[in-house]
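Asks: Residue numbers (this note's numbering), protein chains in the order written: chain A, 202 to 452; chain B, 19 to 154; chain C, 191 to 308.
For the record, the hints were derived by calculation from the structure and aren't laboratory data.
Please read these numbers as outputs of a predicted model, since none were measured by experiment.
Below, simulated DSSO-like cross-link-like pairs (lysine-lysine); rule was C-alpha separation at most 27 angstroms, straight line:
| # | chain 1 | residue 1 | chain 2 | residue 2 |
| --- | --- | --- | --- | --- |
| 1 | A | K291 | B | K38 |
| 2 | B | K25 | A | K247 |
| 3 | A | K321 | A | K421 |
| 4 | A | K321 | C | K192 |
| 5 | A | K247 | A | K291 |
| 6 | A | K421 | B | K124 |
| 7 | B | K124 | B | K109 |
| 8 | B | K109 | A | K421 |
| 9 | A | K207 | A | K247 |
| 10 | A | K327 | C | K192 |
| 11 | A | K291 | A | K207 |
| 12 | B | K38 | B | K109 |
Where chain C lies over chain A, by a calculated footprint (3+ residues, C-beta under 8 angstroms):
| # | segment |
| --- | --- |
| 13 | 391-404 |
| 14 | 425-437 |
Backbone N, C-alpha and C fix where the C-beta goes; we use that ideal spot for every residue, glycine too.
Listed here are the chains, written in short residue letters.
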Amino acid sequence: MTNGNKIIEMEVLRYRPELDQEPFYQSYEVPFLDDWSVLQGLQYIKDDLDGTLSFRWSCRMAICGSCGMMINGVPGLGCQNFLRNYHPGKLRVAALEHFPIERDLVVVVDDFMNKLAQIKPYLIPKQVRGLDQGEYLQTPQQLEQYRQFSTCINCMLCYAACPQYGMNADFTGPGILALMHRYNADSRDDGRAQRMELGHADAGVWGCTAVGYCSEVCPKDVDPAHAINQNKMGSAIDYFLRFVKPRGASQ
Amino acid sequence: MSAQTDKRHPYLRPIRGWWKRDRYYIRYLAMEATSILIALYALILLFGLLRLGQGEAAFNGWLETLRSPPSVALHSLLLLVFAYHSYSWFKVMPKTLPAIYWRGAKLPQPVITRIGVSAAVIVNLLVIILFTGLQS
Amino acid sequence: MKRSNEPVFWVLFGAGGMLSALTGVALVFVTGIGVPLALLLSPELMSYPNMLAFAQHWFGKLVIFAVIALFLWHATLRILLLLHDFGIRAGPASALIGNGLALLCTLAAAYLLLALGF
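For reference, chain A alone in the conformation it holds in the complex (with noise of 0.2 angstroms):
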């Protein structure tokens, strides 16, 4: 199959537990054409040159999240990223940074995944609501104080961007602490107690520097650092309050 005549060096930070002693960057001469994004430069490199290459992916599509990558040092999806815009030129691609290296492209997200589960990612009404009650009605503007954050596809990329998770894993992070808000702000939800109290640490909103690099390499715009600083005004407020408030009425 004719790729055609361009043809664009790929640098993949390679990682081989059972071989290496520490990462270390393999080149690849990877012909392409011109819709060609990063990823099918991988699964090129996979399919004819390197089989033993391994990354994530699945959608193709900027949807599933599967593909967050290094891309030339910036945080990117493979699949929404093309190696038309690299080329002339070398193209590093590395695993997510902030993250330890299963292998190759495939990083260790458990940390992530144990964090989403801590600030209860499911909406919890007030009341239990019966099918007879009929659905929730909302309107354009209480749609519009959760729904930017609700768009988030959990690729993780802003974990990579955010220098205050790398250099303490024990912050919640961007990504996760966006969709507390998420659910905090959903006029059905009645739930923002309980997921405070996460949110008032310094695991919490107060871990955020206001560096605001997850929100320029954010593939949905989701604006996570808006997310987490619209609720140190509240958080605050709270701290000051919570002497004169009844007592387990926290907000």
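Here the structure of chain A is known, so what remains is to put chains B and C in place on it, guided by the hints.
Replies: Coordinates of chains B and C only, in the frame set by chain A:
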């Protein structure tokens, strides 16, 4: 533990020097570093307050230092630093606010920034005008 | 989970940041350029009698205290974050020293202002 699991050996890359990895980080740190000069200005004023308490001669000494070329140069730099602070402050501020609605539509963050920067320009001008008006 | 105490410092940081964003340029111009160079302003503005009268007035005390204290608290949080970001891991010691210095300067400003009398 199976033999398969034993072969796992996740590798954590060092975080040291993270800020060198991307221009975005360097810009962020440069912005944060301007706060050092904000502190410096506050200390200059604190020092002036100290001199004020020590009497006319001491205070006049402080005023004399402010007139010196190095001091004027420093304050020219401080002027730029505070101007940059005004701009960068309102660039980040929209992130700390909940969504604001104006005439049915959500106010975009750049618009909030523009409003903030305009307010900063106006208030700073008013303060200068106030001082020009105070002299008898 | 233990609540963060960051809100205390964050509120001071926010107040200082807002005040300096709205008045910083003007204050630097007046005290550092305008008055010393007699540019738009008369050097008499910051003469000893004038400044003493200003600092002895309750409003003057408020302004001077607010500017010095809030600017310092704003900078303290950011400088401590800078240390943390550069990997200077002094832990609670750096926070103690940094915030301690800011507190010291705040108390010094208050003392000096009160010592000037009314």
